[in-house]
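In the order they appear, the protein sequences are chains H and L. Those letters in the first sequence? Residues 0 to 242, per numbering that gives the first Met the number 0, in order. Those letters in the second sequence? Residues 0 to 104, per numbering that gives the first Met the number 0, in order.
To be clear, the hints were calculated from the coordinates, so they are not data collected in a lab. Nothing here was measured: the structure is a model prediction, and the numbers come from that model. Where hints are given, some of them may not hold.
Claimed, not checked - Restricting the straight-line Cα-Cα distance to at most 35 Å, the calculated cross-link-like pairs of lysine-lysine (DSBU-like) are: (1) Lys1(L) to Lys25(H); (2) Lys238(H) to Lys56(L); (3) Lys32(H) to Lys188(H); (4) Lys104(H) to Lys4(L); (5) Lys53(H) to Lys101(L); (6) Lys33(L) to Lys53(H); (7) Lys143(H) to Lys56(L); (8) Lys100(L) to Lys25(H); (9) Lys143(H) to Lys1(L); (10) Lys33(L) to Lys25(H); (11) Lys96(H) to Lys1(H); (12) Lys101(L) to Lys104(H); (13) Lys32(H) to Lys101(L); (14) Lys143(H) to Lys100(L); (15) Lys1(L) to Lys32(H); (16) Lys205(H) to Lys4(L); (17) Lys226(H) to Lys55(L); (18) Lys1(H) to Lys56(L); (19) Lys55(L) to Lys33(L); (20) Lys55(L) to Lys224(H); (21) Lys53(H) to Lys4(L); (22) Lys143(H) to Lys33(L); (23) Lys100(L) to Lys96(H); (24) Lys25(H) to Lys82(L).
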Amino acid sequence: MKRTFADLHLRTNTTDLRQVAMLTAKAAELGYKMVSTPLPPTMNLDEIRRLKAKCGEFGLDFASRLDIRPRNQNELLTQLRKMRRRFEIICVLCESKETARQAAKDRRVDLLSFPSLDYRRRFFDCAEAELAKGGNAALEIDTKPLLVLEGPQRVRFLSTLRREVSIALEFRVPVVISSGAAEPLLLRKPMETAMLTSLFGLQISKALDAISTNPVGMVERNRAKLKTDFVAPGIRQVKEGNR
Amino acid sequence: MKRIKRRYLLLEYEVDGAIEEHAFMATIWAAFYKLYGEHGASLANLAPINFDCGDKKAIIRTNLAVVDNIRTAIASITFLAGKPIAVHVTAVSGTIRGLIKKALS
Chain H
0 MKRTFADLHL
10 RTNTTDLRQV
20 AMLTAKAAEL
30 GYKMVSTPLP
40 PTMNLDEIRR
50 LKAKCGEFGL
60 DFASRLDIRP
70 RNQNELLTQL
80 RKMRRRFEII
90 CVLCESKETA
100 RQAAKDRRVD
110 LLSFPSLDYR
120 RRFFDCAEAE
130 LAKGGNAALE
140 IDTKPLLVLE
150 GPQRVRFLST
160 LRREVSIALE
170 FRVPVVISSG
180 AAEPLLLRKP
190 METAMLTSLF
200 GLQISKALDA
210 ISTNPVGMVE
220 RNRAKLKTDF
230 VAPGIRQVKE
240 GNR
Chain L
0 MKRIKRRYLL
10 LEYEVDGAIE
20 EHAFMATIWA
30 AFYKLYGEHG
40 ASLANLAPIN
50 FDCGDKKAII
60 RTNLAVVDNI
70 RTAIASITFL
80 AGKPIAVHVT
90 AVSGTIRGLI
100 KKALS
């Protein structure tokens, strides 16, 4: 069966529709079928619909995504409570161990992201993976730093990713590979992205899952949850009963 | 002696302005060397076959054993002579005829 490829982390200025169009057109040309970009929390449904329509012009499915950068556990919980039902993907940028642990165990969190260059603040270890496994969160890895970093910084980055990916595979935490690109020239074809991940030890089949099955499955699951007929996982309202 | 199997790669690049074949190949070599070192580069047997500056396409030849490494190295190219560039592998085949057939289909 043909895979549906997704890039859930395009960095665009969502107010600039021309830039959105340029990047999404390139993504479509390279073979992606689903894209997403972090949206501001204040964005209303009409604006999201406009973005979806713009991406639809290129045959792309747009998933709304919110990136949260909480300072502490309470802030994370408050933001999740407020925002979860408004966005299809919630990504938590973990900048402290406290928020990383809370995000990993919270079932409302879809993606865990860590600062690329600050290795001391990449908290994806065995404990984090164990919590993420129970909580449904996936580890997000951007390929942009692989392209722009050079020398010892890239070596360090690769070695960190190799460790994190091996932990994620061991604990069966899904990995999602995104581009993190703000310019069309930093976008790569899905197969090329999969090849790049071989640098940190991800097998080609797992890499293809990380850019197709894992992100697409996550978005579909969340869309089903956001529908009005959703009651609980596996239970949905078929029709209303007579009162 | 065991015959060495080769693969031909059709590349498409995106860059502002024109570039020379020599600079293009040097960039691929540099990217490969940076990622896989001298030993890796010695296994590649990389050679230019065709370079079309107008269509921004090129055909290169390499050993089958290192095709995946070459693809990784090509994906990691971001600059050529100070200009931002992206190089994409469009098709891979064991013969040039097969490569052209794949590219046209």
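Going through the hints against the structure:
1. With a C-alpha separation of about 43 Å, the suggested pairing of Lys1(L) with Lys25(H) is violated against the 35 Å cut-off.
2. The suggested pairing of Lys238(H) with Lys56(L) is violated, with an alpha-carbon distance near 57 Å, which exceeds 35 Å.
3. For the hint linking Lys32(H) to Lys188(H), the alpha-carbon distance of about 12 Å falls within 35 Å, and the restraint holds.
4. The suggested pairing of Lys104(H) with Lys4(L) is violated, with an alpha-carbon distance near 50 Å, which exceeds 35 Å.
5. As the CA atoms of Lys53(H) and Lys101(L) are separated by approximately 32 Å, the hinted pair is consistent with the 35 Å bound.
6. Restraint check: the Cα-Cα separation between Lys33(L) and Lys53(H) comes to about 39 Å, which exceeds 35 Å; the hinted pair is violated.
7. Taking the CA atoms of Lys143(H) and Lys56(L), the gap is near 24 Å; set against the 35 Å cutoff, the hint holds.
8. As the CA atoms of Lys100(L) and Lys25(H) are separated by approximately 25 Å, the hinted pair is consistent with the 35 Å bound.
9. For the suggested pair Lys143(H) and Lys1(L), the alpha carbons sit about 40 Å apart, so the restraint of at most 35 Å is broken.
10. Pair hint Lys33(L) plus Lys25(H) holds up; C-alpha atoms about 28 Å apart against a cutoff of 35 Å.
11. Only pairs whose Cα atoms come within 35 Å are accepted, and Lys96(H) paired with Lys1(H) is rejected, the gap being roughly 39 Å.
12. A threshold of 35 Å between alpha carbons decides the hint, and for Lys101(L) with Lys104(H) the separation of about 47 Å lies outside it, so the pair is violated.
13. Between Lys32(H) and Lys101(L) the CA atoms are separated by roughly 22 Å; this keeps the pair inside 35 Å, and the hint holds.
14. About 33 Å separates the Cα atoms of Lys143(H) and Lys100(L), which keeps this hinted pair within 35 Å; it holds.
15. At most 35 Å may separate the alpha-carbon atoms for a hinted pair to count; Lys1(L) and Lys32(H) exceed this at roughly 43 Å.
16. This hinted pair checks out: Lys205(H) and Lys4(L) have alpha carbons roughly 27 Å apart, not beyond 35 Å.
17. Only pairs whose Cα atoms come within 35 Å are accepted, and Lys226(H) paired with Lys55(L) is rejected, the gap being roughly 47 Å.
18. Simply put, Lys1(H) and Lys56(L) have alpha-carbon atoms about 27 Å apart, close enough for the 35 Å limit, and the pair holds.
19. Straight-line distance between C-alpha atoms of Lys55(L) and Lys33(L) comes to about 24 Å, which keeps the hinted pair within the 35 Å bound.
20. Restraint check: the Cα-Cα separation between Lys55(L) and Lys224(H) comes to about 46 Å, which exceeds 35 Å; the hinted pair is violated.
21. The straight-line distance between the Cα atoms of Lys53(H) and Lys4(L) is roughly 46 Å, outside the 35 Å bound, and the hint therefore fails.
22. Restraint check for Lys143(H) and Lys33(L): satisfied, since their Cα atoms lie roughly 17 Å apart, inside the 35 Å limit.
23. Proximity of Lys100(L) to Lys96(H) is assessed by CA-CA distance (about 54 Å); at most 35 Å being required, the pair is judged violated.
24. Using a Cα cut-off of 35 Å, the hinted pair Lys25(H) and Lys82(L) holds, with the two alpha carbons roughly 19 Å apart.
Violation of the numbered hints given earlier is confined to hints 1, 2, 4, 6, 9, 11, 12, 15, 17, 20, 21 and 23; the remaining hints are satisfied by the structure.
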